[in-house]
Amino acid sequence: MKRLIVALAVVLFGCFQMGLPSRLSVFSLTPNYLLVLLAIVAIFSDRKGGAIVGFFCGAIEGSLVGINLTHYIASRVITGFILGWMNDLKLQRSVLLAVLTTVGGTLAAQVILMFIAPPPEIIPFLGATIKTAMYNGVIAIPVYVLARPIAELRV
Amino acid sequence: MNVRRNRISPDWLTLIVLLALGAILGRAQSSARLVGREDFVSRIFVGVLSPGAHIFGSAADALNDFSRGIFSARRLERENEMLKKELRALSVYNDTVALLRNDLDSQRKLIDMPSLGKTKVYADVIGFYAEENRILISAGTEKGLHQGLAVVSGDGLVGTIQSSDKGFSVVTLISSPKPAIGALLSARNPPSAGLIHGDGGQILTLQFGDPQAAVDSGDLVVTSGFSEYIPRGIVIGKVIQKIENLESGQLVAKVYPSVAIGRLHEVVILK
Numbered sequence: 001m002k003r004l005i006v007a008l009a010v011v012l013f014g015c016f017q018m019g020l021p022s023r024l025s026v027f028s029l030t031p032n033y034l035l036v037l038l039a040i041v042a043i044f045s046d047r048k049g050g051a052i053v054g055f056f057c058g059a060i061e062g063s064l065v066g067i068n069l070t071h072y073i074a075s076r077v078i079t080g081f082i083l084g085w086m087n088d089l090k091l092q093r094s095v096l097l098a099v100l101t102t103v104g105g106t107l108a109a110q111v112i113l114m115f116i117a118p119p120p121e122i123i124p125f126l127g128a129t130i131k132t133a134m135y136n137g138v139i140a141i142p143v144y145v146l147a148r149p150i151a152e153l154r155v
Numbered sequence: 001m002n003v004r005r006n007r008i009s010p011d012w013l014t015l016i017v018l019l020a021l022g023a024i025l026g027r028a029q030s031s032a033r034l035v036g037r038e039d040f041v042s043r044i045f046v047g048v049l050s051p052g053a054h055i056f057g058s059a060a061d062a063l064n065d066f067s068r069g070i071f072s073a074r075r076l077e078r079e080n081e082m083l084k085k086e087l088r089a090l091s092v093y094n095d096t097v098a099l100l101r102n103d104l105d106s107q108r109k110l111i112d113m114p115s116l117g118k119t120k121v122y123a124d125v126i127g128f129y130a131e132e133n134r135i136l137i138s139a140g141t142e143k144g145l146h147q148g149l150a151v152v153s154g155d156g157l158v159g160t161i162q163s164s165d166k167g168f169s170v171v172t173l174i175s176s177p178k179p180a181i182g183a184l185l186s187a188r189n190p191p192s193a194g195l196i197h198g199d200g201g202q203i204l205t206l207q208f209g210d211p212q213a214a215v216d217s218g219d220l221v222v223t224s225g226f227s228e229y230i231p232r233g234i235v236i237g238k239v240i241q242k243i244e245n246l247e248s249g250q251l252v253a254k255v256y257p258s259v260a261i262g263r264l265h266e267v268v269i270l271k
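Protein chains in written order, with my numbering: chain A, 1 to 155; chain B, 1 to 271.
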């Protein structure tokens with residue numbers, strides 16, 4: 001059941017990623033919905049689950065961008081794996097943790113991507129990454145609030 | 001124990017498999033791009049996500065428009081009012097531009113107008129007395145003007161000088177009942193000639209000397225030149241009606257003048 005919900009969420013956030021970022025940009029800040037989903041799912045998952053969700057998030061993003069599919073998949077898989085691994089630290093789940101995880105996850109995923117597929121201009125890329133991470137941190141709050149009851153279902 | 005320690009954990013194995021799968025898919029994408037096509041993974045994802053993305057995109061646009069409409073209503077109303085005012089101001093400006101353009105055309109016509117063997121003296125209209133069929137112009141005896149000279153604009157005959165003094169002259173308009181001015185229909189051969197005068201209104205009356213004269217609506221009426229001071233060929237107007245009086249044997253034509261007196265600013269006196 002939970003896997004099905006996560007699969008639907010991946011499709012839903014893929015739709016968001018394809019149709020919304022330019023429409024919901026604020027002061028040239030654009031969110032990355034798939035990275036928000038990856039971070040929130042990883043909070044309630046483990047290394048394996050995080051890596052699998054990361055794989056699909058990366059595949060969708062790479063497909064939408066049209067290039068660097070391998071790099072997107074690799075960066076998201078590694079990020080999901082690391083975020084899932086953090087569950088071993090047994091941190092108290094909270095909105096703050098969700099925000100920090102999302103911001104950190106976004107930065108980590110994009111920095112990994114930057115190393116394996118270097119963009120033409122590093123500084124602007126990092127600037128855009130920081131802005132996206134901040135926007136993602138805001139979006140993570142409602143997503144976490146909605147995801148928490150679903151994650152606690154006993155099915 | 002050693003065998004257990006060396007075994008790769010399932011999580012790490014998953015990571016490696018997913019990375020390998022990613023590399024394979026990336027290679028497929030690169031190969032497809034080389035032949036100018038989309039790879040199958042991209043086709044699937046884009047195909048699956050497009051309808052949903054379109055729906056969410058449209059919904060976001062609608063929501064954005066709605067919220068903008070609510071929060072910007074006051075500002076839009078103010079802008080609307082301001083634009084309406086600007087439109088009204090622009091309309092007045094356009095009218096002014098049209099009037100100035102007419103003035104400019106009139107000036108050009110005055111400058112280009114042939115002198116008809118006379119000397120041209122330019123003057124401004126400084127007074128207009130519609131009831132008396134008179135105008136006052138800003139040139140007088142100091143420029144050699146005197147009674148009887150033809151006063152014209154770019155469109156045609158305005159009238160004749162009634163009296164002149166230093167610095168100004170009084171002009172009797174062609175709409176005045178007196179004096180009558182010699183006129184003819186330039187397009188007729190032989191030209192039908194007569195005397196033209198006003199009736200106090202806008203329309204002029206041309207009384208032909210010959211009751212059998214050829215005349216029709218649309219004929220151009222010009223000065224006859226049978227006067228010492230008014231040369232031949234100055235446009236007066238166009239025939240709009242022919243009236244035959246069988247009892248008195250008279251033939252007259254009603255003529256619409258070519259000069260709009262109310263819009264005159266400058267005139268030329270043919271000296």
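Don't read these hints as lab results, they were simulated from the structure.
None of the values given here were measured: they were computed from a predicted structure.
By construction, the Cβ of each residue, glycine as well, lies at the ideal position given by its N, Cα and C atoms.
Some hints here could point you the wrong way.
Unchecked claim - One-sided excerpt, in silico: chain B residues whose CB lies under 8 Å from chain A:
hint: 1; residue: L15
hint: 2; residue: A20
hint: 3; residue: F45
hint: 4; residue: V46
hint: 5; residue: V48
hint: 6; residue: A62
hint: 7; residue: V92
hint: 8; residue: Y93
hint: 9; residue: T96
hint: 10; residue: L100
hint: 11; residue: L136
hint: 12; residue: S138
hint: 13; residue: G140
hint: 14; residue: T141
hint: 15; residue: P190
Hints versus structure:
| no. | hint | verdict |
| --- | --- | --- |
| 1 | L15 | holds (5 Å) |
| 2 | A20 | violated (10 Å) |
| 3 | F45 | holds (4 Å) |
| 4 | V46 | holds (6 Å) |
| 5 | V48 | holds (7 Å) |
| 6 | A62 | violated (11 Å) |
| 7 | V92 | violated (42 Å) |
| 8 | Y93 | violated (39 Å) |
| 9 | T96 | violated (45 Å) |
| 10 | L100 | violated (48 Å) |
| 11 | L136 | violated (69 Å) |
| 12 | S138 | violated (66 Å) |
| 13 | G140 | violated (74 Å) |
| 14 | T141 | violated (79 Å) |
| 15 | P190 | violated (83 Å) |
Hints 2, 6, 7, 8, 9, 10, 11, 12, 13, 14 and 15 from the earlier list are contradicted by this structure; the remaining hints agree with it.
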